[in-house]
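A.B. asks: Protein chains in written order, with my numbering: chain A, 1 to 114; chain B, 1 to 114.
Calculated from the structure, these hints are not laboratory results.
Just so we're clear, the structure is a prediction, and the values are computed from it rather than from any experiment.
Glycine included, every Cβ here is placed at the ideal spot set by N, Cα and C.
This list has only true hints and no planted wrong ones.
Between beta-carbon pairs, the in silico distance windows are: (1) B/Pro61 to A/Gln14: 41 to 49 Å; (2) B/Leu41 to A/Thr97: 18 to 26 Å; (3) A/Glu54 to B/Glu53: 25 to 33 Å; (4) B/Gln18 to A/His113: 40 to 48 Å; (5) A/Thr68 to B/Glu82: 35 to 43 Å.
Derived contacts from chain A toward chain B, CB cut-off under 10 Å, selection only: (6) Glu41; (7) Gly42; (8) Tyr50; (9) Phe88; (10) Ala90; (11) Thr92; (12) Ser98; (13) Leu102; (14) Thr103; (15) Gln106; (16) Gly107.
Read off the chains here:
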Amino acid sequence: GQQLNQSPQSMFIQEGEDVSMNCTSSSIFNTWLWYKQDPGEGPVLLIALYKAGELTSNGRLTAQFGITRKDSFLNISASIPSDVGIYFCAGTRAGGTSYGKLTFGQGTILTVHP
Amino acid sequence: EAGVTQSPTHLIKTRGQQATLRCSPISGHTSVYWYQQALGLGLQFLLWYDEGEERNRGNFPPRFSGRQFPNYSSELNVNALELEDSALYLCASSLFQGAGETQYFGPGTRLLVL
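Okay, chain A solo, but in the shape it has when bound (with noise of 0.2 Å):
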């Protein structure tokens, strides 16, 4: 099925350091959302992204939504411990059988050292 491919899988970094992930596709999505999950529990929505180009910040958090369609980015800004846990990209797709549905990557697990 559609897959999503996300990157890197995993990052060990310092408390204070900048953390960039992103997703990328063969297809084009229509809605690219940002989620982070912490073990045990659901996913939490940090970004939704609707249209191409748009760029979107929720405090240290900044996500964009690549032009093509395609992709997505997102940073997260002076790192701190409680950033710690899975960040998943998850997108949309219209039509036939994705309709309603979101498609995700396959997560990159942070770690951030004190």
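For this one, chain A is given, so just place chain B on it according to the hints.
C.D. replies: Just chain B, lined up with the frame of chain A:
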């Protein structure tokens, strides 16, 4: 405002049994989605219900089924449980506005099949 709620939080069953998982969406949301998050396999789309109707289903066998009630809550039924059904089952809801709706997740039900 309450988020998406799911019950039970944990469920232990044996092979061949049936499991029923429940979800209450955010107030005002009409769409409910079910996802399976098995270890190492990421989040996979299972089912989408809107206004009481099944709108789309993922690549899962028919023993995965569900329904949506008039109050928009939903249940997921898994019949003839197999060991590989062990996973975190996540419910999400959205105010469906066509392609591009934003989905909000509940905490999940962890199903263990012995």
